[in-house]
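Starting from the known structure of chain V, fit chain A onto it as the hints suggest.
Chain residues, written in single-letter form:
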Amino acid sequence: MAIIPFLIIFPLVIAIIMYCTRINKIRNAIAYLSAVVIMVSVGVLVCQWISKGMETITLYYNTELVDHIILAAEIVLMGVVTYLSFKYKKAWVSLLSICPTALIAYYEIFGPETREVVGHIYIDYLSILMCIIVGIIGSLIVVYAVGYMHGYHHSAHHSNVTDRRYYFFALLFLFLGAMFGFVLSENLLWIDFFWEMTSICSFLLIGYTREEEAVNNSFRALWMNLLGGCALAIAIVYFGYTYENVDLHTLVAMGTIQSKCAVICVALIAFAALTKAAQLPFSTWLIGAMVAPTPSSALLHSATMVKAGIYVLLRLSPAMSGTMTGNMIAFVGGFTFLITSFMAIAQSDGKKVLAFSTISNLGLMVACAGVGTSETVWAAIFLMMFHAISKSLLFQDIGATENALGSRDVEDMHGLLYMLPKLAIFMFIGIAGMFLAPFGMLISKWAALKASVDVRNIVLVFFIIFGSATTSFYWTKWMGKIISHSHLNGAQVKDKTKKNEMISLTIHAILMIALCALFPLVSETFVNPLVNEMFGSSENVLSNQVLFTLIIIIVVVFAVPFLAYLSSKQQTQDLKLSYMNGVNTGDNRAFTDSLGNEKTLWLSNFYFHKIIGSRKLMMPSQIFTLAVIVVMMCRIIGGVFL
Amino acid sequence: MIRIILTICYILLAPLIGGLLDGLDRKISARMQRRVGPPLLQPFYDVSKLLTKRETAVTKSQNFLLISYMVLMILTGAMFFSGTDILMCFFVMSTAATFLYFAGVVTSSPYASIGAQRELLSMMIYEPAVLFACVGFYLATGSFNVADIAKSSDSAIMYLPGFFIAFVFILTIKMRKSPFDLATSHHPNQEIVKGITSDIGTKNLAIFTVTEWYENVFLMAVVSLFIVNENPISIVVALVVVLLVYFLEILIDNASARVKWQTMLKTTWVVTLFTAGVNLIILMIIK
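Sequence order for the protein chains is V and A.
Taken in order, the first sequence gives residues 1 to 642; the numbers are from the numbering used here.
Taken in order, the second sequence gives residues 1 to 287; the numbers are from the numbering used here.
The hints are simulated quantities; they were obtained by calculation from the structure and are not laboratory data.
Between beta-carbon pairs, the in silico distance windows are:
id, chain 1, residue 1, chain 2, residue 2, range
1, V, Lys260, A, Arg3, 50 to 56 Å
2, A, Arg3, V, Ser155, 55 to 61 Å
3, V, Leu95, A, Phe274, 46 to 52 Å
4, V, Ala253, A, Ile285, 30 to 36 Å
5, V, Leu626, A, Leu243, 49 to 55 Å
6, V, Leu642, A, Ile285, 25 to 31 Å
7, A, Arg3, V, Thr585, 51 to 57 Å
8, A, Leu243, V, Ile458, 31 to 37 Å
Even for Gly, the Cβ is constructed at its ideal location relative to N, Cα and C.
Isolated chain V, as found in the complex (with noise of 0.2 Å):
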């Protein structure tokens, strides 16, 4: 299957054409080719995944050259980060990179040989739907970005930007390539390079703008993931001593049955994959990555990033369930899925609404991991698929609609249905993808809950049910505004949108309604062995009977809304003013003052952000969760030893 090897390496070289080429459009046109072909040898890689009969596949037993090479490079990640932090002047971050790469260095030249010849690449259920995911989202983002970024650098707002775009591109490319390395590999060495390698690409991303404050929130984000790297560095290391072998699946088969050093290894991997899934208390580092040019947010957001601390908690789940472990990471996911809901209340930047609610969503799929039972994974497996749809679809068109309405607070989208009906669509879908019935959040919301009292967890199920009361109302209220009847009197509003984002924008649309559509089909011929796989059971997480309802919902909540607006059409009916004690001046948009003047009606929605603030409410339960991890991470490690 030489199609591995070339997914991975063809972002790399394009990355380093991208970084070569500086004349736009011919780059341009690269990127738009680059991006197909990723797109083309996803699906070849399915086709022949499937082609195989869909069973799992370890691959490059030999690979003594490649482990050089990699050695190699995660010494050039070290220096670049060397680099930057003095550069900086935050010197104490390059320790947290040196002491790793020191670490991995020194096993790989003086550790002891690998007692078993074992593949390198490991190709199943789960691998095959993140290299879906990268592959199709990233793309897509990809072209996204080439309309967007060139609006960017032309618009007056950004006039300070130095324009490197292909620096911009040449990250991209290279954090996509990353990204498949990290989910195809098996051999923990490998999997910890292409873990350094997304923190720095990401840190690169965030400081893109090189403004005062991109800059200090990209040296947060570094800092954050490159301590998770050092819990994985030396998760690594103790393991290769302990057991002469470095593969993940041996990993998890040890920690399945609790043996000592396995237990140490997983739950210190499980603490690396709560920063990269910023959780509580390492959230911050994904609001500030919002400095960031929008692709970059949708890319860290959705398909990259922190779908890799997911991954390796989904990884890690047999391991966690049941264990001390899983308590803990179930634990500070249901946390903070409920508390950075509240924070997502508080915001009216919509932005930051959605930087809150991946937080909280990620929470949601972290604890669902956490728990480890094949219902939670089952759960996990579709948060994670209609999270990166919607979510990088949001981030696209809240971009788009920025760049058109000058603005990205939810209260200026006011009446966005009128003044840009296509970008509002599309946003009322991703919204709708986000919790609505039938849409596949709900359903998973609905096994994550099911499975959370089964476990008898009682903390999870009051996090579950608090915090999806607290979630629908931020979206609801947000989709409100996008339907109110505009109070700007006949402003037009230009819609900016270039054929390319609106192309990227579409097929997200598509995949979101698609994917909803066929939910039952995708758990029935796909989840459903996915997790089977990892659990060795062989029962349907969906029972025919409740597989049947949701059908029977999504024909009803697609049809009525869709036939009531045909019949509505149809009838007629006469427009009367809206009631205002009788000063209504005309239109609806204004009234009559105690004055005699014509004053036009604002309508806000409510935000409590003085209660419920992530200012008020953010350092606390960093300090909370901080607190659990360090007394639970104690205990695991405590209670192996004594």
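Only chain A this time, still in chain V's reference frame:
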């Protein structure tokens, strides 16, 4: 077979029962206030009059949003009576409620918008108690399916007294009764006029009213689910309990004044946590 009959009965008879309950409500309220009150069938007269009026609306889309609200609400009840998953029923109900919210805000009218905002807030406030009730049923009977819950050997309330209290408490919010009638008021001469329904008129108002009837019958059916078990006599007991609960709601409605949303949030969540929450913890330990 019996499920299909029940479902059809719900779709056909729920408006009748809901309307009668509404009439009863008005009658009893009037007696509590020492008035004679309207005839029992007054709600039906009101709706039929609304239907014969010439149609008016602030925006055309109100109509299709309200129809969606109604159909989804009927679907919720129909799913419940056909014995499917109770959690799914409530999920569909929340989607229905979202359409009502849209119908409120789509006009950009000040009173309807503030009413809709408060309705949305109420949704957030009552949802935990509803989800707790579902989880409670699951723990008590081992199934989320209404059919299985209704056929269990003991009444669910034996295990779920706390959940029952929490559910009855949030019924006041769900039925938009004082002191929690923040989203809409019964009398148009108050601070938010008629809240979310301020700018819903004629046929649209008729749709809204009928949907409320469907909703009330569904909610009362959920109340009865706490009581019903495999013994047929329990159905009679359940009917008595439902009537008592309904009377209690009327009594509370007449005996209290509207509170601020802060008070509503605090009291409801505290009650939910200390009744349903504590009950849940105990249940999880013993079951």
